[in-house]
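A.B. asks: The opening residue of the sequence shown carries number 9 in the working numbering; numbering runs sequentially from there.
Don't read these hints as lab results, they were simulated from the structure. Fair warning: this is a prediction, and the values are worked out from it, not measured in the lab. We treat Cβ as the ideally placed atom computed from N, Cα and C, and that holds for glycine. A few of these clues could be false.
In the DSS-like style, the derived pairs of lysine-lysine whose C-alpha atoms are separated by at most 30 Å in a straight line are [claimed, not checked]:
| no. | residue 1 | residue 2 |
| --- | --- | --- |
| 1 | K104 | K144 |
| 2 | K63 | K104 |
| 3 | K50 | K63 |
Across the chosen pairs, the derived CB separations fall in these ranges [what the hints assert, rightly or not]:
| no. | residue 1 | residue 2 | range |
| --- | --- | --- | --- |
| 4 | E58 | G34 | 14 to 24 Å |
| 5 | S117 | K50 | 41 to 51 Å |
| 6 | A129 | H68 | 54 to 64 Å |
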Amino acid sequence: MTEKAEQPAGLEWLAVGATVAFIYGGHHDERVREGVVDRIGKRDAVVTIEGREEKFNITHADRCGDTLWLHRRGRSSWDRGVHLAPADHPEVLAIKAARVRDDAAYEVSLAAEVFQRRRDAATAQILRDAVDAFLKLAGEG
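Take these sequences, add in the hints, and give me the full structure.
C.D. replies: Written out as C-alpha cells, the structure is:
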C-alpha cells in the first residue's frame, strides 16, 4: 500500500491525509461528520471518523456533479447507507447549513415551550434571542 492505487476520474479529492465528509442519516435528517483518509488500497479507502475506522470500496461510487462520492449500502431496506465525499463540496456545505438551521429552529421550539409555562420577561427574552438567531441563519434578520 505504499503506492497510490489508480483511481477513477472524479475521485481526485480522495488522498491520504485529506479531510473528508462522512454523510449519514435519513433523507430529511442527513448529518455530516468529518474524517481523515488513512490509507488507500487497490479496493478500499480507510477513513478514521471520530476515532473509528470505516472502509469504503472505491468502486462503489455515486456521481454528484463532476465528483464521485463513495457509497456504502445500508444493511436493511430502511438503512440508506453512508456516503464519503469531499469536505468542501457544495452539497456537503448545504447539509451542514441545513443542520445548523434545524438546530436553531429546535431551540426556538424549546424556548417557546418554556415561555408558555412560565410567561415571564426572562423567558420572553430567551425566546426572542432564539428567534433572532434563527432569523439571522435564515437570512432574514
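A.B. asks: Taking only the CA atoms, is the gap from K104 to K144 under or equal to 30 Å?
C.D. replies: Holds, because 16 Å separates the two Cα atoms, which is no more than 30 Å.
A.B. asks: Confirm or reject the claim that E58 and G34 have a C-beta distance inside 14 to 24 Å.
C.D. replies: 20 Å, holds
A.B. asks: Given the hinted pair K50 and K63, is their Cα-Cα distance within 30 Å?
C.D. replies: It holds: about 12 Å lies between the C-alpha atoms, which stays within 30 Å.
A.B. asks: Please check whether S117 and K50 have a Cβ separation lying inside 41 to 51 Å.
C.D. replies: Roughly 49 Å apart at Cβ, these two residues keep to the hinted range, so it holds.
A.B. asks: Is the hinted range of 54 to 64 Å satisfied by the C-beta distance from A129 to H68?
C.D. replies: 56 Å, holds
A.B. asks: Is K63 within 30 Å of K104, Cα to Cα?
C.D. replies: Since the Cα atoms of K63 and K104 sit roughly 23 Å apart, the hinted pair holds (cutoff 30 Å).
Checked against the numbered hints above, the structure breaks none of them.
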